[in-house]
Amino acid sequence: MITLPRKTEKRPLETTISLINIVFLMLIFFLVAGQLAPPLDGQVDLAKSEEATPLPPPDALYARADGLLVHRDAEITAEAFLGSQAPTGDGIVRLGADAALPVDKLLDHVAALYAAGAVKVLIVTRKADP
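Quick note: the sequence shown uses full-length UniProt numbering, first residue 1, plus one each step.
Just so you know, the hints here were simulated from the structure itself, not pulled from any lab data. Hints may contain errors.
Said to hold, decoys possible - Cut-off 16 Å, straight-line C-alpha distance, at most; resulting in silico cross-link-like pairs (EDC-like, lysine to aspartate or glutamate): (1) 120 - 66; (2) 120 - 108; (3) 120 - 90; (4) 105 - 66.
Unchecked claim - Label-pair restraints from in silico Cβ distances: (5) 11 - 31: 55 to 63 Å; (6) 114 - 19: 16 to 24 Å; (7) 83 - 13: 56 to 64 Å; (8) 99 - 15: 50 to 58 Å; (9) 68 - 92: 20 to 28 Å; (10) 16 - 107: 54 to 62 Å.
Even for Gly, the Cβ is constructed at its ideal location relative to N, Cα and C.
Hey, can you work out the whole structure from these sequences and the hints?
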């Protein structure tokens, strides 16, 4: 008796598993990337403006409503902040000022930053609600 080898049926190629893996990896990437950026100071309510960047800048210096300068939840002076940024910084300081901060205190902080060696001071705001 002659036996013929059976043809093995090919399973259809499933692309959904690969797609699920890619989507899962993208989800993990964005979850990790979202945690890498330093959070906005919780005690600062940024001023509103018509044109603002959609995200808070990383490592910004914040001025609270009572006039206190804060960086990464620690009180800091303008000189100490620029001293810690000197090796890698370009001299541009992003200052997130509380909306309730008096203008004279804000101007004092800006003047202190320029006196400490800042090349440019950018005031960070948030986009106004429509």
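Checklist line | Distance restraint evaluation - residue 11, residue 31, Cβ atoms, bounds 55 to 63 Å | finding: Violated, since residue 11 and residue 31 (Cβ atoms, about 33 Å apart) do not stay within the stated range.
Next item on the list: For the range 20 to 28 Å, tell me whether the beta carbons of residue 68 and residue 92 fit it or not.
Entry: holds (22 Å)
Notebook entry, point to check: Are the Cα atoms of residue 120 and residue 66 separated by 16 Å or less?
Noted result: violated (24 Å)
Notebook entry, point to check: Does the structure keep residue 120 and residue 108 at a Cα separation of 16 Å or less?
Noted result: holds (15 Å)
Next item on the list: Could you say whether the range 56 to 64 Å given as a hint is met by the Cβ separation of residue 83 and residue 13?
Entry: Hint holds: Cβ distance 60 Å, inside 56 to 64 Å.
Check: CB of residue 16 to CB of residue 107, is that within 54 to 62 Å?
Finding: holds (60 Å)
Next item on the list: Below or equal to 16 Å on CA atoms is what counts here, so check residue 105 against residue 66.
Entry: holds (9 Å)
Next item on the list: Evaluate the given range 16 to 24 Å for the C-beta pair formed by residue 114 and residue 19.
Entry: violated (53 Å)
Note to self: Would the hint linking residue 120 and residue 90 be met if the CA-CA limit is 16 Å?
What the structure shows: Distance of about 9 Å is within 16 Å: holds.
Margin query: Tell me if the beta carbons of residue 99 and residue 15 are separated by a distance inside 50 to 58 Å.
Written below: holds (51 Å)
Hints 1, 5, 6, counting from the list given before, are not met by this structure.
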